[in-house]
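Heads up: the sequence lines are chains V and A, in that order. Going by this note's numbering, the first sequence opens with residue 1, and the numbers climb by one from there. Going by this note's numbering, the second sequence opens with residue 1, and the numbers climb by one from there.
Possibly wrong hints are sitting among the right ones.
As the list claims (entries may be wrong) - In silico SDA-like links for lysine to any residue, alpha-carbon gap of 25 Å or less:
| no. | chain 1 | residue 1 | chain 2 | residue 2 |
| --- | --- | --- | --- | --- |
| 1 | V | Lys266 | A | Phe259 |
| 2 | V | Lys248 | V | Lys266 |
| 3 | V | Lys244 | A | Arg119 |
| 4 | A | Lys268 | V | Asn208 |
| 5 | A | Lys265 | V | Tyr241 |
| 6 | A | Lys248 | V | Lys52 |
| 7 | V | Lys244 | A | Ile254 |
| 8 | A | Lys261 | V | Leu242 |
| 9 | V | Lys244 | A | Phe264 |
| 10 | A | Lys265 | V | Gln270 |
| 11 | A | Lys298 | V | Lys52 |
| 12 | A | Lys248 | V | Asp212 |
| 13 | V | Lys248 | A | Pro43 |
| 14 | A | Lys146 | A | Ile129 |
| 15 | V | Lys52 | V | Tyr241 |
| 16 | V | Lys265 | A | Phe259 |
| 17 | A | Lys189 | A | Ile164 |
| 18 | A | Lys146 | V | Thr190 |
It should be emphasised that the hints constitute simulated quantities derived from the structure, not laboratory data.
Listed below, chain by chain, are the residues.
Number of protein chains: 2
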Amino acid sequence: MRIAIDAMGGDFGSLPLVEGGLLALKKSNFTLVLVGDKNILSPLIPSKLSSKIEIIHCDDVITMEEGATSALKRKDSSIYVAIEMLKDRKVDAVVSAGHSGATMSLATLKIGRLKGVSRPAICTLMPRIDGKRSLVVDAGANVDCKPENLFEFAVMGYEYATAILKYPQARIGLLANGEEECKGNEITKTAFDFLKNHPNFVGNVEGNNIFDSSVEVIVCDGFTGNVALKASEGVADSIIYLLKHYIKSSPMGIFGALFMKNVFKKLKKQIDYAEYGGAPLLGVDGNVIICHGKSNAKAMKNAIFQAIATIENNINDRILQALHQYKI
Amino acid sequence: MRIAIDAMGGDFGSLPLVEGGLLALKKSNFTLVLVGDKNILSPLIPSKLSSKIEIIHCDDVITMEEGATSALKRKDSSIYVAIEMLKDRKVDAVVSAGHSGATMSLATLKIGRLKGVSRPAICTLMPRIDGKRSLVVDAGANVDCKPENLFEFAVMGYEYATAILKYPQARIGLLANGEEECKGNEITKTAFDFLKNHPNFVGNVEGNNIFDSSVEVIVCDGFTGNVALKASEGVADSIIYLLKHYIKSSPMGIFGALFMKNVFKKLKKQIDYAEYGGAPLLGVDGNVIICHGKSNAKAMKNAIFQAIATIENNINDRILQALHQYKI
């Protein structure tokens, strides 16, 4: 098994990306293909692991500030080269913490969509109170969606939830402004009717249901999904900021917090995105995992494990079969 | 000044609603008009405050499970009677913790819209890290919006933020899936162009900007707003649940938490919606405050204070003038 990482993307340079790869190599048997500048990457590789690592040299990198469209012309950029390798089946998956728009555009246009998929979607894993994960599809790839897109997102998310997250019977909810069938906007109301064709559809859900373990797959357009995820991150960050602030401003708080270290550690572990890696781009004819730009080594390691699980479980074959099964 | 409350709405019956009214009467000089069943309400009123309280008797109540449309026919329901009183200028404001859909429909159809407003909007106050409040408009009244609706929401939210929340120069952000001007969906991209006409528009904002004190007014359609607010509530509830859970499962945690009581109290106070009452329904030709169904006495008290501020600051005159000023 060969997994390529865009070793130049990400907000913190190559080091955490390569470190994540090395951590993954310690636990799993695969070949790590680092795509990027060999002058930067070579010194980061310990000699004892060199037999399991390949460097594919390229000079260019798409920075976070650039437009996604420029990515299509930059044939010597790390993400372009990585996606080309996936297209040519020289690697089995690509993991990228770089420009997510560039990764999506390149993957969709170079590798192409799975038969039956009109729009690939980002499938983000979210923490929930029972310690498991829920999936939000789409988390940002498609800002304007048709009802049939939402149906496809549901099918893809369901297959991912059962095959990779090992839910025996994942429940699918349609994100709306209320639980009743009459709630929703024009798009979701039609999507609701389509979704009735899926045996695991449980109806409309609300924003809080992403976290309360009542459903496993939350379906929405990428605009709404992105807003919901960013708002959620914002609340979590704010609460942690305020907790720290109030602790620091009181001697009693500082004393009490000393005994709470383990509590805070467990909380952090449960809500930390680094614990579960990246978000698969579902619906393209290849395995692509999109990571947070701020990914640390642990996040990269877990994203690589995700890529391995995606390959081993033939997620794309499952999606193909599932989409073939439904007529909407 | 006369303020009516729908004393039968809300999830917990009349008691917290009336108690909230009594708390407000202790601090402010107005006449409290309780609309509902006099047999239930009379025993809740202490005799020494009876001169400041009127009961308007009616037999019916719209329960949370009923459709909003049935509200228009139920002429003896508490919310219908309260809104009729506002229409007839027998009261200066209505505060309701009952069926929000019924309240909105009745207010819009009976009282009518302000000139220049095509869609009234719910303007929800959200906590932010600096201890002040941001406004999300629309938080659920209009699931399908046109770009011009979003522009009106921005104008109304700005007037509320400056007049009631006393921001000297409130910043307006358009909720989108990224900060760059190129981000957004079809509706928000056009709305972005309209919003350039407002001097306080600062561009696209993301979900986390609701909480980080970077903008005061966050504009969105009611579908997106509702999803973002429910997701935010869900995260806050989940973190508090997990904190309690991890504290309880460790003796060290329980001990540490004893010293953190004050920290948790401050955190709770800052993120508790009861601290700031309800959400004004902006754009109708009268003052209507919509409260959470789960409002306790403190939330009702603060919602009444909000109604008083809304009346005293002539918010509707300001909105009328502001809308007249802009051509989009």
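Hint-by-hint comparison with the structure:
For the hint pairing Lys266(V) with Phe259(A), the CA-to-CA distance comes to about 19 Å; that is within 25 Å, so the pair holds. Proximity of Lys248(V) to Lys266(V) is assessed by CA-CA distance (about 20 Å); at most 25 Å being required, the pair is judged to hold. For the suggested pair Lys244(V) and Arg119(A), the alpha carbons sit about 41 Å apart, so the restraint of at most 25 Å is broken. With a C-alpha separation of about 18 Å, the suggested pairing of Lys268(A) with Asn208(V) holds against the 25 Å cut-off.
For a cut-off of 25 Å, the pair hint linking Lys265(A) to Tyr241(V) stands: about 15 Å separates their Cα positions. For the hint linking Lys248(A) to Lys52(V), the alpha-carbon distance of about 46 Å lies beyond 25 Å, and the restraint is violated. This hinted pair checks out: Lys244(V) and Ile254(A) have alpha carbons roughly 18 Å apart, not beyond 25 Å. Between the alpha carbons of Lys261(A) and Leu242(V) the distance comes to roughly 14 Å, so the proposed pair stays at or under 25 Å and holds.
Of the supplied pair hints, the one linking Lys244(V) and Phe264(A) holds, its CA atoms being roughly 11 Å apart against a limit of 25 Å. The suggested pairing of Lys265(A) with Gln270(V) holds, with an alpha-carbon distance near 23 Å, which does not exceed 25 Å. Distance restraint check for Lys298(A) and Lys52(V): the Cα-Cα separation of roughly 63 Å exceeds the 25 Å cut-off, and the hinted pair is therefore not satisfied. Taken as a hint, the Lys248(A) and Asp212(V) pair is honoured in the structure, with Cα atoms around 20 Å apart against an allowance of 25 Å.
Distance restraint check for Lys248(V) and Pro43(A): the Cα-Cα separation of roughly 48 Å exceeds the 25 Å cut-off, and the hinted pair is therefore not satisfied. This hinted pair does not check out: Lys146(A) and Ile129(A) have alpha carbons roughly 31 Å apart, beyond 25 Å. A distance of roughly 41 Å separates the Cα atoms of Lys52(V) and Tyr241(V); the hinted pair therefore is violated under the 25 Å criterion. In summary, the hint linking Lys265(V) to Phe259(A) is supported, as the alpha carbons are separated by about 18 Å, within the 25 Å threshold.
For a cut-off of 25 Å, the pair hint linking Lys189(A) to Ile164(A) is broken: about 29 Å separates their Cα positions. For the proposed pair Lys146(A) and Thr190(V), the alpha carbon gap of about 19 Å is at most 25 Å, so the pair holds.
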